[in-house]
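Protein chains: 2
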Amino acid sequence: MKVSYRIKPIGIIHCSFKTRDEMTGSKRIENIAEIELYKEYEEGLGDIDGFSHIILVWWMHKSHYRNLKVKPLHFPEELRGVFATRHPDRPNPIGLTVVQLLERKRNILRVKGTDMIDGTPLIDIKPYLESDRKDVGKLGWLTGRNL
Amino acid sequence: MKVSYRIKPIGIIHCSFKTRDEMTGSKRIENIAEIELYKEYEEGLGDIDGFSHIILVWWMHKSHYRNLKVKPLHFPEELRGVFATRHPDRPNPIGLTVVQLLERKRNILRVKGTDMIDGTPLIDIKPYLESDRKDVGKLGWLTGRNL
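Residue numbers (the numbering used here), protein chains in the order written: chain A, 1 to 147; chain B, 1 to 147.
If you're looking for bench data, these hints aren't it; they were derived computationally from the structure.
In this text, all values refer to a predicted model and were calculated from it rather than measured experimentally.
Ideal placement from N, C-alpha and C gives every residue a C-beta, glycine not left out.
Any given hint could be a false lead.
[To be verified] Sample of chain B residues facing chain A (criterion: CB under 10 Å; computed from the structure):
{"id": "1", "residue": "Tyr5"}
{"id": "2", "residue": "Leu68"}
{"id": "3", "residue": "Lys126"}
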């Protein structure tokens, strides 16, 4: 048997998007969501409100395919290698989103800039650091496309 | 029983760091590593070489504790909420690193800027997009510290 790892949801993301199709660029950037951390993890949020941006790690729970070639959501004209996309149908359906942290109240974070659908399971939260900020050089097949 | 999800390694990261302690800031930024994707996933790398930066998602396989308060590696003087750190001892020990993509040869990627130890299991690769680049405002307890 091949090795595998087990992960568990630590919370749930409440936001206004009910389907992927609603998430066009500008709506996504402005979208405000509530991150509900399960009570038993609340202590881990200590010191978080000092950060202006955080990274949400989440489970793409509506993805049911494990593909290596995919048609990107807004640009379906060509098949792309899945690792050159953020498409949900990937070997390990883990999503990442950098959001602005607006407010923390106990186990609830209010954030801006989410791109997942309502009810998405949360897996991890990390602070966004200087080392996560890179001068984007080449954007490959996405060059000139507004994602 | 609580819900959980299963993830599997898709490759392995070969680099020069044998322990966490070796990873000081400047060494990490310059560090060059080889990402070996298992052959069965190679097709998913199509179109990747157009991107200057990619995000590596990896499993912190040397982490054996699931803590909510941790002492950060280079700043152990105070306990911090784990979600305000990148510490490996977290509920779901998933690591993220943005690296520069130097070269692709078949199922091997040569990258610069890794901060994981040799032999780390790879879970996912994503292209680094404009939306991942944020103007870092507040850095919380890390303000003025060089990570």
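We went through each hint and held it up to the structure:
1. Tyr5: Nearest chain A Cβ about 5 Å off; hint holds.
2. Leu68: holds, 4 Å
3. Lys126: holds, 6 Å
Taken one by one, the earlier hints all hold for this structure without exception.
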